[in-house]
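Student: Residues per chain are reported as follows:
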Amino acid sequence: GAGVSQSPSNKVTEKGKDVELRCDPISGHTALYWYRQSLGQGLEFLIYFQGNSAPDKSGLPSDRFSAERTGGSVSTLTIQRTQQEDSAVYLCASSLDSGPARGYTFGSGTRLTVV
Amino acid sequence: GENVEQHPSTLSVQEGDSAVIKCTYSDSASNYFPWYKQELGKGPQLIIDIRSNVGEKKDQRIAVTLNKTAKHFSLHITETQPEDSAVYFCAASKGNSGNTPLVFGKGTRLSVIA
Numbered sequence: 107g108a109g110v111s112q113s114p115s116n117k118v119t120e121k122g123k124d125v126e127l128r129c130d131p132i133s134g135h136t137a138l139y140w141y142r143q144s145l146g147q148g149l150e151f152l153i154y155f156q157g158n159s160a161p162d163k164s165g166l167p168s169d170r171f172s173a174e175r176t177g178g179s180v181s182t183l184t185i186q187r188t189q190q191e192d193s194a195v196y197l198c199a200s201s202l203d204s205g206p207a208r209g210y211t212f213g214s215g216t217r218l219t220v221v
Numbered sequence: 021g022e023n024v025e026q027h028p029s030t031l032s033v034q035e036g037d038s039a040v041i042k043c044t045y046s047d048s049a050s051n052y053f054p055w056y057k058q059e060l061g062k063g064p065q066l067i068i069d070i071r072s073n074v075g076e077k078k079d080q081r082i083a084v085t086l087n088k089t090a091k092h093f094s095l096h097i098t099e100t101q102p103e104d105s106a107v108y109f110c111a112a113s114k115g116n117s118g119n120t121p122l123v124f125g126k127g128t129r130l131s132v133i134a
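The listed protein sequences derive, respectively, from chains L and F.
All residue numbers for the first sequence refer to the numbering used here, where the first residue is 107 and numbers rise by one.
All residue numbers for the second sequence refer to the numbering used here, where the first residue is 21 and numbers rise by one.
Calculated directly from the structure, the hints in this document are not laboratory data.
Don't take each hint at face value.
Within a straight-line C-alpha distance of at most 20 Å, the following computed DMTMM-like cross-link-like pairs (lysine to aspartate or glutamate) qualify [said to hold, decoys possible]: (1) F:Lys57 <-> L:Glu150; (2) F:Lys126 <-> L:Glu150; (3) L:Lys163 <-> L:Glu174; (4) F:Lys57 <-> F:Asp69; (5) F:Lys62 <-> L:Glu150; (6) F:Lys114 <-> L:Glu150; (7) F:Lys57 <-> F:Glu25; (8) F:Lys62 <-> L:Asp130; (9) F:Lys88 <-> F:Glu22; (10) F:Lys42 <-> F:Asp104; (11) L:Lys163 <-> F:Glu22; (12) F:Lys88 <-> F:Glu76; (13) L:Lys121 <-> L:Asp169; (14) F:Lys57 <-> F:Asp104; (15) F:Lys114 <-> F:Glu22; (16) F:Lys114 <-> F:Glu76; (17) F:Lys88 <-> F:Asp69; (18) F:Lys42 <-> F:Glu99; (19) F:Lys78 <-> F:Glu99; (20) F:Lys126 <-> L:Glu191; (21) F:Lys114 <-> L:Asp162; (22) F:Lys114 <-> F:Asp47.
In isolation and in its complexed conformation, chain F is listed as follows (with noise of 0.2 Å):
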């Protein structure tokens, strides 16, 4: 079955500067990569996803790159805030019509310092 790797799984970084969480899958047939973020006490929340006919998403600060052929997917934060301290999760899954299960990574704890 699939397996999603994620790292770091921890991070720290001041204010304004950029964050980079990298993740591998193992399952060639994946072709969507969501990323959730996780606040203290809450549920995943999904951030940002990207589909395997396109190499790159942007929203605002965030975007996401995916590189097919080497199965990894990174997530990009600019310019960063303490609000975007949270734990952040990838997943992979290869749903066609209708969904199958993500498969999760491990999560990583971004820290943004003040």
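If we strip away everything but chain L, and leave its shape as in the complex, we get (with noise of 0.2 Å):
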């Protein structure tokens, strides 16, 4: 597609549910990464999918958190027994994945709540 794709837009869900968000990169797009940006904070890095090379899951908050991208293209981040903490926008980008580094092109998020 013409960019990057994030479903759905919003989401709410109760305490202690699971969720998965979706993303879809722009075609060709090697690299992926997933932010989260809570209310009035900056943008979080969570994890970053490059090629197929593993995953760099050093910003993942605890292991209720996972993701999983099929394919090289579409990703899902999966969050299991949802918290309140974890209400927050989660942000996908993508980027070409060669040459020196570039910046990305964000989706326009998925607005998690947890009641």
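Since each chain comes alone in its own frame, lean on the hints to assemble the complex.
Tutor: In structure tokens:
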């Protein structure tokens, strides 16, 4: 597609339930990133997929968080047993993954509210 | 790891005036410094970036300066317009071949008053 697509745009879930957030990156972009943006805060890195390499999971805040990227394209971020502190906007970004560092293209995010 | 500090957290300017946002970074190996603009309900959008081999870059009304010795970089917006109102984020990374995750500042909410 023309841009990074995320779904759903909004998600309200009950505490303790599992949620899945989806990201469809720009076609041909081999790098994919997940960030979390809490109210009034900056963007917190969660996980990074680079081509066929093992993902960089160093930013995941707990073992309740996991992500996968199937076929080098679509990615799903899963949060198990959601807690109220998981409420945030979850942003996905993609970029070309060759040559020098370059900026990302972000999606519009999924706003997650845990009640 | 890298730490990026951004100031101020909020900034109000009169339309037509200039706005300056400053960031510092901690890792001297960082070599790529993008700036993002985030409008309400949207994802951040890249507006300008600078690499460590240059000291300044301009694109119409926006410019970024980099001081590697002091490890700080700044965003300058001249002749501000109401549509410049948004949250601006600075970031840093040290990617060479391929990318490493960007580390972001906490953002600056810019309000341009007509």
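Student: Compare the structure with each hint and give your call.
Tutor: Quick rundown of the hints versus the structure:
no. : hint                  : verdict
1   : F:Lys57 <-> L:Glu150  : holds, 16 Å
2   : F:Lys126 <-> L:Glu150 : holds, 9 Å
3   : L:Lys163 <-> L:Glu174 : holds, 11 Å
4   : F:Lys57 <-> F:Asp69   : holds, 12 Å
5   : F:Lys62 <-> L:Glu150  : holds, 17 Å
6   : F:Lys114 <-> L:Glu150 : holds, 17 Å
7   : F:Lys57 <-> F:Glu25   : holds, 17 Å
8   : F:Lys62 <-> L:Asp130  : holds, 16 Å
9   : F:Lys88 <-> F:Glu22   : holds, 14 Å
10  : F:Lys42 <-> F:Asp104  : holds, 17 Å
11  : L:Lys163 <-> F:Glu22  : holds, 16 Å
12  : F:Lys88 <-> F:Glu76   : holds, 11 Å
13  : L:Lys121 <-> L:Asp169 : holds, 16 Å
14  : F:Lys57 <-> F:Asp104  : holds, 9 Å
15  : F:Lys114 <-> F:Glu22  : holds, 9 Å
16  : F:Lys114 <-> F:Glu76  : holds, 18 Å
17  : F:Lys88 <-> F:Asp69   : holds, 15 Å
18  : F:Lys42 <-> F:Glu99   : holds, 18 Å
19  : F:Lys78 <-> F:Glu99   : holds, 14 Å
20  : F:Lys126 <-> L:Glu191 : holds, 18 Å
21  : F:Lys114 <-> L:Asp162 : holds, 15 Å
22  : F:Lys114 <-> F:Asp47  : holds, 9 Å
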